[in-house]
Amino acid sequence: GKGGGKGGGKGGGAPAAGLVVGNLGSRILEALLTLPYAESRAALHSVCSLPPSPLLEAARHPLASRVVEAALRTPGEGAAQAREPLQETLRSNAAKLVRSRAGCFVLGAAFDASPTAAQESLLAALAASEAELRGTTHGNALLRRLRFEHYRSHPGSWASMQERAQRKRDSFAELFAAEPAARPARGSKQRRGKDGGEGKAGREGEAGGGGSAGSGARCPPDGPKGAPKRPAPADSG
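First residue of the sequence shown? That's 14 in my numbering, and the numbers climb one at a time after it.
Think of the hints as simulated: they come from the structure by calculation, not from any bench. For every residue, glycine included, the Cβ atom is placed at its ideal position computed from N, Cα and C. Mixed in with the good hints there might be a few duds.
[As the list claims (entries may be wrong)] Now the in silico label distances, taken between C-beta atoms and shown as ranges:
no., residue 1, residue 2, range
1, 58, 145, 25 to 35 Å
2, 176, 140, 16 to 26 Å
3, 49, 166, 32 to 42 Å
4, 176, 94, 16 to 26 Å
5, 65, 89, 18 to 28 Å
Input sequences plus hints: build the corresponding full structure.
As structure tokens, then:
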């Protein structure tokens, strides 16, 4: 929406004027976009169908940019095709996004979500802004993460390396997709009381906090060693 929104974050670049982003709403949408495409289809299409102007505003906003990043990482068959318009808009406006820290994080996510040919296209677009990128901490971090020097000096070697990495990611994705649903360990079935509630085993498990069932939050990749981590967003109304 438009209005006098809040949302400036330290080091995150100046938020676009007039963009209103609610802290709670953006976090909910970000969480929805981590679900597989079958469950997050409506949310993903709502982000990917944004016109270029509000999309670029969001990509440079400290909070809204996290939603764009999440859209670029939504898993599941069909997600890659759905976000093609989003990635094209980001690649063609790379020069505008590199001016903010949030924009650089979005470009990194767009790079990770792209096939090798599209990655080369993005690096070619960034070459025109190399001097500007090298003038900032977040710009230098982005160039290191994307192995820009390797691409510029040895493009053939860079492309081969990216294709090998993509094949490895695809193999792991196929492996996990074929993995059957985990079955509960033998003897771990919770006893229930007469009223159908949890029995002693279930209550003890809850009180003890054991296991990792509640640790399903997805964390974005940190990039190469030494790259700065994504800053925590400042609360915004």
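Comparing the hints with the structure gives:
1. 58 <-> 145: 25 to 35 Å: Distance hint for residue 58, residue 145 holds at roughly 33 Å.
2. 176 <-> 140: 16 to 26 Å: 21 Å, holds
3. 49 <-> 166: 32 to 42 Å: Since residue 49 and residue 166 have Cβ atoms about 39 Å apart, the given range 32 to 42 Å holds.
4. 176 <-> 94: 16 to 26 Å: Hint holds: Cβ distance 20 Å, inside 16 to 26 Å.
5. 65 <-> 89: 18 to 28 Å: Distance hint for residue 65, residue 89 holds at roughly 25 Å.
In terms of the numbered hints stated before, the structure departs from none.
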